[in-house]
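Colleague: So you can see what is in the structure, the chains are spelled out below.
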Amino acid sequence: MTTSATEPTTTGAGTGPILEVTDLKTHFETARGIVRAVDGVTFSLDRGKTLGVVGESGSGKTVLSRSIMGLLPKRGTIREGSVRFDGVEIGDLSAKEMRSYWGARLAMIFQDPMTSLNPVMKIGKQITESIRQHLDVDRKYANELAENLLRSVRIPEPEQRLKEYPHQLSGGMRQRVCIAVALACGPALLFADEPTTALDVTVQAQVLDLMATQQRERFMAVVLITHDLGVVAGRADEIAVMYAGRIVEKAPTSVLFSDMKMPYTEALLSSIPKLEHASHTRLATIPGRPPNLVNPPKGCKFAPRCAYAQDRCLEEEPPLLPGTQPGHEFRCWFPVGTPEGAEALARNRATAAAATTATTTGEPPAVLGGTT
Amino acid sequence: MPEQPTDDMPVVGPEGHRDLDRYAEDSLQSGLAVAQGSLFFSAVEVGGEGSRHKGKGLGLGAWLAIGWLTFIVLVSVLAQLGVLPLKSPTESFAECARLGPFAQEGTAPGHLLGCDSNGRDMIARLAYGGWSSLVVATGAVLFGLVFGGILGLLAGFFGGKVDTVLTSLFNVFLAIPAVVLALALVAFLQGASAAGGGGDTVDPKILLIIAIGIVSVPLLGRITRASALTWSQREFVLAARAQGAKPGRIMISEVLPNVLPAMMSIALLAVAIAIVAEGTLSILGVGVKPPTPSWGNIIGLDRGRIKESPHIIFLPALLIFFTVLSLNFLGDVVRARLDVRESAV
Chain A
1 MTTSATEPTT TGAGTGPILE VTDLKTHFET ARGIVRAVDG VTFSLDRGKT LGVVGESGSG
61 KTVLSRSIMG LLPKRGTIRE GSVRFDGVEI GDLSAKEMRS YWGARLAMIF QDPMTSLNPV
121 MKIGKQITES IRQHLDVDRK YANELAENLL RSVRIPEPEQ RLKEYPHQLS GGMRQRVCIA
181 VALACGPALL FADEPTTALD VTVQAQVLDL MATQQRERFM AVVLITHDLG VVAGRADEIA
241 VMYAGRIVEK APTSVLFSDM KMPYTEALLS SIPKLEHASH TRLATIPGRP PNLVNPPKGC
301 KFAPRCAYAQ DRCLEEEPPL LPGTQPGHEF RCWFPVGTPE GAEALARNRA TAAAATTATT
361 TGEPPAVLGG TT
Chain B
373 MPEQPTDDMP VVGPEGHRDL DRYAEDSLQS GLAVAQGSLF FSAVEVGGEG SRHKGKGLGL
433 GAWLAIGWLT FIVLVSVLAQ LGVLPLKSPT ESFAECARLG PFAQEGTAPG HLLGCDSNGR
493 DMIARLAYGG WSSLVVATGA VLFGLVFGGI LGLLAGFFGG KVDTVLTSLF NVFLAIPAVV
553 LALALVAFLQ GASAAGGGGD TVDPKILLII AIGIVSVPLL GRITRASALT WSQREFVLAA
613 RAQGAKPGRI MISEVLPNVL PAMMSIALLA VAIAIVAEGT LSILGVGVKP PTPSWGNIIG
673 LDRGRIKESP HIIFLPALLI FFTVLSLNFL GDVVRARLDV RESAV
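If you read the protein sequences in the order shown, they are chains A and B. Read in order, the letters of the first sequence are residues 1 to 372 in this note's numbering. Read in order, the letters of the second sequence are residues 373 to 717 in this note's numbering.
No lab work stands behind these hints: they were computed from the structure. One or more of the hints may lead you astray.
Heads up, simulated BS3-like pairs for lysine-lysine below, C-alpha to C-alpha not over 25 Å straight-line [as the list claims (entries may be wrong)]:
(1) K140(A) <-> K163(A)
(2) K122(A) <-> K618(B)
(3) K25(A) <-> K96(A)
(4) K25(A) <-> K49(A)
(5) K163(A) <-> K618(B)
(6) K125(A) <-> K140(A)
(7) K96(A) <-> K459(B)
(8) K618(B) <-> K74(A)
(9) K533(B) <-> K74(A)
(10) K96(A) <-> K74(A)
(11) K618(B) <-> K140(A)
(12) K618(B) <-> K96(A)
(13) K618(B) <-> K125(A)
(14) K618(B) <-> K459(B)
If you want the footprint, here are the derived chain A segments under chain B, 3+ residues with CB under 8 Å [as the list claims (entries may be wrong)]:
(15) 65 to 75
(16) 116 to 124
(17) 214 to 227
By construction, the Cβ of each residue, glycine as well, lies at the ideal position given by its N, Cα and C atoms.
Bound conformation, chain A alone (with noise of 0.2 Å):
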């Protein structure tokens, strides 16, 4: 085989991490204006490692997994930023020379296996499809390795699904294909976009487990991108949560849970129930919505949400701060659980209890007017 496009697996040899993203924007020109979809993430993977990425929707989880992989349109799209994947930079490669790396070195499981599957494809053309096209072999050798996928990601009676269309397999088993599609060349890195949000909540574990078993096995890190802190917490090796298009606070997954620093990811952890909560206790939620992509506010971008939020988070835009533990870093001028935090949270539940004193004594007529 010729090496030229392939170059890639020989540069690498092993050593380093497998995937550098530095700085990496990824800016979307729209009628409203540009959308700063991702803006400006750090981070490393190494080999054989998990990462989680945490975020509500909109927070520019899976445009960043896009991005990081080029699959997004050229047209309207701004990139910047450096990725390194093996050593070698791929931000800036055409879609012609990236294609020897999709699906061989770095391949994709979606959030629906109901809509990326071909619905009128069998399920062995699926499969075999990408396995004839990257590895040089005939179609019946490619019909015997998409059976053994099949039966490595647990689908009973493999020969027989080959043959059979998406539709006729259930939600578990069609994103268990949609496994197999992507483990077919063996990827050394792996991105999961929520690979589990759309199945019921019984498959999810078997669907998770699944996946780091072929994980361990393979030696294939994973960027695991979700929204539910509960999916990443026993699987991911480190955390990166996502606010806005940027990592706001990035740790070992331990220290993330027992050291958080970042107003977000404690909301975002006391929004999940919990068993010793009695029942029916009313959910914590964060208030408001993700901000405008378009015309974020100045400062932190969390801070009009932020229990913690005082009068300089509106103005500056705190950097990444070392925690400290080893890894950790936040984006925080008033981090949970430092005096400053303390003392911030105190001051804002002050002000709010004035004012809903207030409002309850003197302002009636005000909103009378108001509504009028």
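Here the structure of chain A is known, so what remains is to put chain B in place on it, guided by the hints.
Modeller: Frame of chain A; chain B shown alone:
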């Protein structure tokens, strides 16, 4: 209150075009609703249980349509093969001229449906004429499907400049009245074939197929484009890209199979339109060349005798009517069925 653009307002993008295409497709088909209604009505009268099988089977209406089309195709093909015991479509029986079931002067003995103004047997002319009409119509639609399909697929799949150029081209062609365009094309092609081939060597049916085919290209192209556009934005297309599939391959093996059903259902409607178009061109005198009959030129030749011998005009018109009706109805059934399939997936 003036409308201020807000965050929630959708950005008007390619979706806008898509809606327009949907609209175009719907309005194309809604014109048939009345015709279908009457067919259903008659179906209920004849069969007693008409539309009850809507869920599972095809329904009696569809079966009647299929039956009629099979009958027409069979008779045309068998007549052309010389299997049917028909009189010659070009042989004149002078004593029977203009006589027929509805003619003022009385009926023609030995000719069930009478004869035309030259005394040629109407049954034979209708049977042989059906062949001409069907060949021209299906040929033209195949032509349109191949070229319109390719162009529409390219436009819908690649989008951007390709789409802009091709869609503008379709729009320009659609802006020219279809009959005028077809007339001009036939005239041009006749001139070209006469100049190039020397004489009348090219079958006028082929000229008609090309002319009507070209007219149908933008119609079929737009439908294909609309469908290709929606399918190209599906996640499995992105998934295929993420697996390293080449764009051409994605277009052919991922998008095309999904677009085909829409093309097929519109093709049935297009055949119906093409049959009428062939008739129109024949009436205008540029269709299939007499004495070879086609449904259109049977009407065209004797259009002056509608008063004394209405059967010459009405019999081919009825055949066109029922054939077009059946095709439209079937096209709609196919479309409805495919919609069901799509929503179930």
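Colleague: What hints, given by number in increasing order, does this structure fail?
Modeller: 7, 14 and 17
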